[in-house]
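Engineer: Read off the chains here:
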Amino acid sequence: MFRNRANAVGTMISQVFILSSKGDHLIYKDFRGEASNNVINVFYEMVTSLRGDQPPVVMNHEGLHFIHVRQGGLYCVATTTANPSPFTIIEFLNRFLGLIKDYCGSLSEKSVKMNFALIYEMLDEMLDYGYIQTSSTDILKNFIQTEAVSSKPFSLFDLSNVGLFGADTQQSKVAPSAAASRPIMSSRDQGVKNEIFVDVIERLTVVIGANGVLMKAEIQGEIRVKCYLPSCSEMRIGLNEEFSIGKSQLRGYGSAVRVDECRFHQAVKLEEFDSYRILRICPSQGEQTVMQYQLSDDLPSAPPFRLFPTVERDSGGRLLIYLKLRCDLPPKSAALNVSVTVPVPKGSLSLSQELSSPDQKAELQPSSKAVLWEIPRFPGGAQLSALFKLEVPGLSSASLLEVGPVSLSFELPKHTCTGLQIRFLRLSPAQPGPPQRWVRYVTHSDSYTIRI
Amino acid sequence: MPYLGSEETVKELRRALSNPNVQSDRLRYRNVILRVIQCMTQGLDMSALYMEMVKASATVDIVQKKLVYLYMCTYAGLKPDLALLAINTLRKDCADPNPMVRGLALRNMCNLRMPGITEYIQQPVLTGLRDKASYVRRVAVLGCAKMQNLQPDTEIDGAVVNELYSMLRDPDPVVMVNCLRALEEILKDEGGVVINKPIAHHLLNRLADLDSWGQSEALAFLLRYRPRGEDELFDILNLLDGFLHSGHSAVATATLRLFLQLAAAHLAVQADALGRTRGPLLAACSAQSRELRFAGLCHVQQVLRSLPAHFSAHYKKFFCSYSEPSYIKFRKMEILVELVNDENVVLVLEELQAYCTDVSPELAQAAIFAVGRIGRTYSERCLNILTNLLGLKQDHITSAVVQTFRDLVWLCPQCTPSVCAAVAGCQDYVQDSEGKQALIWLLGVHGDQISGAPYVLEEYIDGVKTELSPVVKLELLTAAVRLFLSRPAETQDMLGRLLHYCIEEESDMSVRDRALMCYRLLRCGVEETNRVLGGPKSDPSLGVIAGPTEEPINSWVPHFNTLQPVSGRESWPTATTRGSSEQPPQSAVQPSLAGAGSREVTSSREAGGAGAFCLSLDPVLAPEAFEKHWLQLEVSHTEALPCPGPPSSPETLQAALQMVKIQALAFSRPDALPWKVYAYTHGSGSLVLAELLRQADPDSDSGLDQLTVTVKQEPRNEQALRGFISVLKTVLQTLTSDSS
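First to last, the sequence lines map onto chains A and B. To convert, note that position 301 of the first sequence is 301 in full-length UniProt numbering; the numbers rise steadily by one, no gaps. To convert, note that position 287 of the second sequence is 287 in full-length UniProt numbering; the numbers rise steadily by one, no gaps.
Derived from the structure by calculation, the hints contain no laboratory data.
With a Cα cut of at most 20 Å, we get these calculated EDC-like pairs of lysine to aspartate or glutamate:
1) A/K324 - A/D314
2) A/K216 - B/E343
3) A/K324 - A/D359
4) B/K316 - A/D446
5) A/K216 - B/E350
6) A/K369 - B/D358
7) A/K29 - B/D45
8) B/K712 - B/E634
9) B/K55 - B/D25
10) A/K324 - A/E354
11) B/K55 - B/D81
12) A/K324 - A/E312
13) A/K346 - B/D395
14) A/K369 - B/D395
15) A/K369 - B/E324
16) A/K141 - B/D172
17) B/K79 - A/D30
18) A/K369 - B/E362
19) A/K269 - B/D241
20) B/K465 - B/D508
21) A/K346 - B/E362
22) A/K269 - B/D211
23) A/K369 - A/E391
24) A/K141 - B/D61
25) A/K216 - B/E324
26) B/K393 - A/E391
27) B/K393 - A/E402
28) A/K110 - A/D24
29) B/K316 - B/D358
30) B/K676 - B/E651
31) A/K346 - B/D358
32) A/K346 - B/D432
33) A/K269 - B/D209
34) A/K346 - B/D428
35) B/K316 - A/D260
36) B/K676 - B/E624
37) B/K316 - A/E261
If we take Cβ atoms under 7 Å as the criterion, some of the chain A residues that face chain B in the derived model are:
38) G52
39) T146
40) K369
Note that CB positions come from ideal geometry on N, CA and C, so glycine has one too.
Please build the complete structure, drawing on both the sequences and the hints.
Structural biologist: Quick look at the structure:
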């Protein structure tokens, strides 16, 4: 049994460990000697035997709390005997994994295995006696001595990056796809590459009702800076001048970019924000979120996809689903990796399909009983259609109710749904050998649901 | 996990470590050490290499040093004598000109958890406190805490404590926060670090210099401070104001908790703070990290306990994304149920309806139960949705709908005709025992309105031999007798068969007992049977108790931003039963829409009239008579019932007790301690007198978490006693889970 410290104030973490999805121990560090390393296996048994409805984030075992986050197929776990703020621990674990990504280039079982010495070194500096000391790359870089071993995954479809750059573009300067997944510190002896990336990333949540009415629309956006500059210099990021926050500030021009709410990183200086919409920040090495914003309900433009479905029973007792999908993006942009999931009756046995072009795919997924229709590239203004014929024994009119709601996932490179743009990006004082600056936009679908 | 060949590995590594050729090649040496650490991580016992590793610590290569220190700290407890050999190197490093080396050595020296180490580390730690490098001071401050915890029985060194208090003024913010942490650990037996006025204001003024981790930590320590007066209070709140909007959810929630606690007496200030943290909380609920989302949702639920309408305008934020894991979807549905109001009910129901056909049966059922909860207020709309779902003819959906129907009928009698029309024909699709119980109950109680009831029940009776669940059989017995009362001609024959089977062939004791009881009851005559089993067919008043009641904000503030709201509800009480006043074990039991709601209903119903045991208030007992009996009788039973939180208002308690036929005669004031209630009832021919007592425990506050029940009886009757206690428990649970 563990000493109960539920009364003590202070975020004391007893152990930190990282497990692979198969339960292999990749990293284990005990900070306080309060529990043995057997608890790793206890944790793995608990987390793998949970039912779907049981929340896994915080679990208990004989007075020891396990708090974990799952990313990149890894379990990153902190244990504690105290009763700390869950937000602190979860944010810390996320930050820890973010740092691993920064230092090792990517977050995967392989990169953690290859860089375990560096990760131990990082943990040693981040936590002392289980108390968080620092998580800033500016401080950590002075103490971390181990070189990262970069494990560049050889993959034609590196999904984590394809959204940002995968599009063929008219733009002449496009960052190579692996540019932002390299270790921040490896520049020590190789040819130094001064680069800074500013990404505007939006996550779109949309629910469209059966009658085509937009029921819910929400955008969660952030401006993320990934900095490979060896020394810190001040950066000025200029946003759209017509950028407004809150409902009351609507201006008369149609081009205004509006968000409901906006939050900034602690280090952002906002003196020039009110009048010129300029953010000033000294970025530290690695990745940081400079600004977060959200917008609900009033999207400035139509949602990117509309669906016109027809569901009926044919004379042979088969279920026919006819989908017409229209992409309402401007003609120059395109959506990538669009996948459309259509839940179908549980009794469905087989699928035959008619798709409009050969690069599309559709299949019936037996486990989730859904038709998955995949479209690698969907240009703006285009309309695609698909006809699915399903063999469903004992098809009744009630079975038709089981079709839907349709959900879409996709990426919209070079597109922001709010219209937020970076006007300029200036570094001062001017660097010797001016750094490469990249600005990238992408919208991801967080959840895009269309009712039938 | 040790596996075959681990001894071989150790041998091989030892050979490599002691090979002079390897030792002279820095890279090769480091690689061998890396392999040792790798094996250690995998769980192999590498402690046999301690000697070789200690030797490897004497190096100028900092990376190698760090790796060796990690090894030494891991196995120091197993090899204390060998670990002492490393002390010399470590002490030498503590005087190194490079502050990084000094800090590293000091930190790891303090991490060697083994007896007798204190005498070696004391001097370096004390020197470290005055080091000019803040990095070393940070390490030394925590070193003081480690030192104290290594020998918990020794007296606290007052000089160190004073030094640490004075170091709260250290220019380095991390040193300051570490001082708080160290003092908290060293002084834990005296209640932790003292936050007096100068310290509190010092912390508040330096809050902006700290990074977000330090801020949330300092805010947690400030919870301990009580301002002297209104002016100071508002000064503090002004200083804190900006942090409510922090981009870090941990800082925003920590500030909110501090705000709520400081302004405990100012409801308007609390409401204002909650209004302004709505944004950060909602942002956490839609954060990219799903774990953060979950924590956000759990804390939204806390706020909803007091302010049910707080997030109603933002109900769309709680619509589920299709890619979210189920545990998040469950929370979102629970929240949606709470947020329903006249404006959004149509859209919320439309949304929930979409989840009812989810591929995951658990999720679909939870969605159906959620619709049922909303049906208690908006019954017509929900009945339409539920009835349409029956058309899908799927087992798990039909079962959940039938269970929802049962609860709706019990709470909202106006639903009965539509439900009775809808349940006909469902029996083929109800396969699980919960669904069967619900359907059988409906057939028994409302058989007069369901034309096919006897035929459906007959199917169940004919299949009783293959029925596995005893609970279904119990329900079947009661339902058959009830149906016999309302439609005797059609039911008589099958009831006979059922009773015969259950008495003669059934192996489950409780089923047989119930059958025998029904049989004897029927022999007493129809009227007697009707009086016992007929009971009320609905209880709308229970909906008032089971429905959401607004709790005071201060009731959940002590748990806000702790692990409790995010822990699994079942697991929390067992995890910290030895806990403090901060965790009343039962308060984690909230009304969960999926299970608890219907369970409460079932248990109260069982207790109220239908079951084998029945309480009554006749004959009435006058207070004087009660007093006389109480003084004469001996205590027949004492039990502690878990019952956290302040006592409910006397009216609520009295009403709730009366509903289960327990009459309360006298109450203490709600805030009094000890707090008492005297009550009486009759059961199975025995007069039951009871005293409920909530007492202040002088040592800890834990006494507040339970009620001591003292029961006296005349004449003694074990069955009546057990029945009484179980009824009382149900009532208290219902009350505390909904309104503590």
